Amino acid sequence: MNILGPLKYRKANQNMSRTQSGRSESYPVRTPSILLGKGRLTKDLEKNLAIFEDALGENADFLIRRFQIQARRRRLACGLLYLDGSSSKSDMNDVMKALMLEMDQSSQSSTKTFFDVVVAQCIPYADVTIKTTALDASNWLLSGNSLLFLDGFEEAIGLSTQAFKERAVEQPQTEQVIQGSREGFIESIGTNISLLRKRSRSSDLHIELMQIGEETATNVAYCYVKGIVNEDLVQEVRARLERVKTDSVYGSGYLEQYIEDNYYSPFPQVQNTERPDKAVAAMLEGRVVLLVDGSPFALIVPAVFSQFYQTTEDYDTRFLMASMIRVIRLVALIFSLVFPSLYVSLISFNPEMIPTKFAVAVAGGRAGVPFPAIAEIFGLELIMEILREATIRLPQQIGGALSIVGVLVIGQAAVQAGFVSPITVVIVALTTIGSFATPAYNAAIALRMLRFPLMIMAGMFGLYGVMAGLILISNHLNSLESFGVPYLSPAVPGNRLGLRDTIVRMPVWSMTRRPKQLQTNDEVRVRNDKDTARNKGRPLSPTTGVTRNVSARTSREEQRQRHE
Amino acid sequence: MNKPKSVTSLQLTFSIGTSIIGVGILAFPRITISLADTGAPMTAVFAVLCAMLGGLVLVHLGLAYQDETLFEYADHLVGRILGGVFLFAIGVYFLELSALATREFGEVVVTSVLQRTPIPVTVLVIVLLVVVASRNDVAKFTRILTFYMPIVYFPALVIVALSLKNAKVANLMPLLATFHDVPFQNTVLSTGIVTALFQNFMIAGIVIPFMYQPQRAKKSVLVGIGLGGALYVLLIYSALSVFGTEEMKNLLWPTLELAKTAAMPTFFLERLDPIFLAVWVTAVFCAIYAAYYLSIQAFSHVLRFQDHRALCFMGMPLVFTLARLPSNIVDLYTVTKMWGLIGLTLTFGYPLLLFLIHLVKSRHVAAKKRPRRVGTTS
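Taken in order, these protein sequences are the chains called A and B. According to my numbering, the first sequence is numbered sequentially starting from 1. According to my numbering, the second sequence is numbered sequentially starting from 1.
There may be inaccurate statements among the hints.
From the structure, some residues in chain A lie toward chain B, with a derived Cβ separation under 8 angstroms [claimed, not checked]:
| id | residue |
| --- | --- |
| 1 | GLU352 |
| 2 | GLY368 |
| 3 | LEU402 |
| 4 | TYR464 |
Simulated restraints, written as ranges between beta carbons of each label pair [said to hold, decoys possible]:
| id | chain 1 | residue 1 | chain 2 | residue 2 | range |
| --- | --- | --- | --- | --- | --- |
| 5 | A | PHE452 | B | ARG309 | 53 to 61 angstroms |
| 6 | A | GLY379 | B | THR321 | 38 to 46 angstroms |
| 7 | B | THR321 | A | VAL526 | 57 to 65 angstroms |
| 8 | A | ARG238 | B | VAL335 | 51 to 59 angstroms |
What the simulated footprint calls covered on chain A by chain B, stretch by stretch (three residues with Cβ under 8 angstroms from a Cβ of chain B suffice, anywhere in the stretch; the number is not a length) [to be verified]:
| id | segment |
| --- | --- |
| 9 | 216 to 230 |
| 10 | 263 to 277 |
Keep in mind that the hints were calculated from the coordinates and are not lab data. Computed from a predicted structure; not experimentally measured. Note that CB positions come from ideal geometry on N, CA and C, so glycine has one too.
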């Protein structure tokens with residue numbers, strides 16, 4: 001619970017909100033943050049407590065527990081400050097029990113001051129810090145920790161008793177896999193960091209913390225593997241994060257919008273994931289992972305287009321199947337973009353391309369339809385999007401049923417009423433299914449929305465218009481960059497080794513290098529690819545038995561030893 | 001001036017290969033064959049060789065001045081004023097070239113696909129595409145051209161492969177007595193016309209200083225021109241073998257007719273030519289893009305602009321107006337032919353001139369026994 005206790009609170013020198021002076025000039029009200037900023041800790045316990053009482057006393061969850069401890073034959077008044085519900089009561093009980101009942105005078109050394117004795121010997125608690133200013137102490141307190149004041153000393157003892165409620169680690173909702181890890185990030189950054197550590201126990205894994213947002217002081221961690229990542233990338237990420245000056249960051253999607261390269265692009269330039277294994281894999285490729293407190297999504301930068309149709313499962317299954325599935329996914333992606341516009345241009349502009357028999361069937365289906373093809377398919381696609389949006393927020397029990405019923409009724413009834421032709425319904429269905437086959441929601445929605453302008457182009461210029469639209473889109477994709485990395489790399493600019501993991505996925509042992517476009521410090525990922533792939537003994541084969549292979553192996557080892 | 005090194009040699013190859021496949025590919029079999037009969041494919045081969053020579057000159061200059069574009073070292077070699085004049089001429093030339101290409105493209109589209117759409121509309125669409133794309137820097141420019149390489153080449157190769165079904169070897173004859181009965185000046189003219197289609201290789205002049213390994217530029221340029229040239233030669237051979245010299249003279253765009261004869265048996269689509277035309281839009285886009293980009297870069301260098309982007313949209317009405325000037329398609333082809341031949345002196349002559357001056361200068365410097373540092377002379 002407290003793995004990041006000392007890190008989890010607001011920075012010591014940072015006020016609750018904007019600069020004190022600026023605030024007090026613009027606001028006639030003396031806000032608690034101003035009061036606390038002016039407050040000065042003294043040796044008098046009651047005065048110290050009064051500072052906090054004045055500033056925070058009106059809050060329902062702010063509690064002060066006064067008690068006395070006995071040590072060196074004198075009584076000492078103490079005060080424990082905490083926020084009800086945010087602090088762990090059992091932890092505080094342990095501390096109080098130690099202070100009130102178990103302070104063993106005989107073992108205390110007399111050379112130290114009493115305060116040091118309490119801190120060093122009497123508090124059986126892992127995370128303890130000393131707070132010297134009221135502001136620092138209050139920041140500590142408001143992060144869910146507790147403060148212990150002793151009468152006669154002007155420092156406060158901070159106990160890291162933070163116990164915000166968090167949900168258990170569950171299977172990620174957005175990126176489910178059949179084969180692979182079922183752990184997903186949760187809303188607490190501490191747990192998320194531990195999930196990363198769990199998968200990469202290298203000392204090179206760096207996790208740096210900063211706080212963004214003047215009011216929320218949201219913890220943002222950027223994680224990378226030192227020695228692999230390009231240092232310039234880390235510096236750029238840090239610089240972009242430091243430039244974010246806002247009062248609040250609620251989640252990773254917020255932060256993404258602050259740090260992305262091109263705001264106007266429909267394509268996501270930052271990847272987000274709920275899966276720790278994906279995040280670790282990205283770091284080991286040389287990317288930087290950003291964790292935001294309060295959001296179960298980690299951000300991965302830089303992101304290139306191919307990442308958005310890859311899943312972790314691609315690497316978990318065998319490479320032939322994974323490659324085929326990936327190609328199918330890519331086809332689905334292209335379907336969702338161009339299918340309706342191709343249909344429109346074929347029907348309205350180039351009907352001679354359709355085989356005659358089928359053309360007759362299409363014409364028969366469209367016989368009673370009053371609209372031109374473009375209006376028909378545009379309307380139906382629009383209705384489809386509305387349906388999708390309507391069902392997405394319904395409770396699961398209703399949602400599934402409603403979506404099926406809605407689509408069926410609208411499709412079937414509309415066809416029978418003569419509003420749309422059956423083939424249009426088929427096309428729209430294919431498009432929608434295609435867009436759902438893309439693993440990344442944000443990339444899928446970009447292409448799904450781009451199909452509307454494409455449809456309009458198709459309605460105006462036929463195939464020529466579709467082509468013009470596609471050229472526009474691919475020009476944009478080619479000129480897009482994410483943190484200086486070309487968006488379509490490793491396809492353009494081409495990289496032979498990178499292409500092994502772009503459209504298809506070659507065997508994992510053959511992907512010997514990290515992505516070249518990331519310009520990593522350490523390029524080599526697999527050191528003995530040929531060796532792992534080819535040198536396989538046949539220990540149980542009756543013909544080429546154990547002996548030959550064993551002897552071959554031993555002779556090779558002997559050679560190697562002789563070399564050394 | 002420091003230039004970010006971000007272009008690989010493969011990108012240069014593909015960029016050149018893509019940019020020289022343009023709108024001319026539809027009509028050039030007719031024009032060359034009417035001039036040189038069955039010798040036309042050979043003139044195409046000659047044209048490829050000529051273009052390669054021109055490319056070599058550019059590469060040599062580019063290697064001598066590795067950190068400077070064609071425009072910058074031209075300023076050093078012939079002086080700012082004279083360089084400016086030449087550069088302005090190049091800018092105007094490529095602007096008109098892109099305008100003619102858009103017009104030709106508009107004619108093709110309106111004739112074969114969108115019969116009821118006015119030409120200015122189709123022209124406007126492609127001009128808009130080009131103008132928007134030309135706002136990118138050189139690295140992205142090459143990336144875009146590289147990206148389209150397979151899309152440009154693959155359908156053309158499919159067409160060639162499918163047209164083999166209708167090919168007759170007799171149409172190619174006489175193979176050995178190729179230039180029999182053809183006046184010499186016709187051969188030269190035909191070669192010149194095909195060479196004029198290759199002028200976009202000039203982009204090498206602005207791309208080379210952005211390369212990771214400029215020393216590989218020579219191979220890239222040669223292979224790039226060779227790729228494009230091979231496609232030209234393949235197309236003219238297959239067009240000739242399918243149609244023969246006499247039929248060819250009746251066809252406005254033989255390559256398009258070639259696509260029409262190609263049909264895939266047992267395929268979902270009955271005809272392939274609309275698909276070919278649609279994909280061919282990318283080829284046209286790439287060619288016009290390269291020409292327009294060159295001209296915009298030239299103008300922005302003449303006017304000493306820091307960034308060429310400001311000029312992109314200013315060039316748009318110019319191209320649009322220039323594209324509307326030819327009154328009809330016959331007029332258009334006359335102008336295109338003339339303009340291409342005139343331009344050859346500029347696109348081949350100017351680098352050659354620079355090359356000669358460079359030779360003289362570097363000899364001069366060497367003779368003076370100074371430490372030989374080319375590129376910093378002013």
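Each hint, compared with the structure:
no.	hint	verdict
1	GLU352	holds (6 angstroms)
2	GLY368	violated (26 angstroms)
3	LEU402	violated (35 angstroms)
4	TYR464	holds (6 angstroms)
5	A:PHE452 x B:ARG309: 53 to 61 angstroms	violated (29 angstroms)
6	A:GLY379 x B:THR321: 38 to 46 angstroms	holds (39 angstroms)
7	B:THR321 x A:VAL526: 57 to 65 angstroms	holds (59 angstroms)
8	A:ARG238 x B:VAL335: 51 to 59 angstroms	holds (58 angstroms)
9	216 to 230	violated (count 0)
10	263 to 277	violated (count 0)
Violated hints for the displayed structure, listed by number in ascending order: 2, 3, 5, 9, 10.
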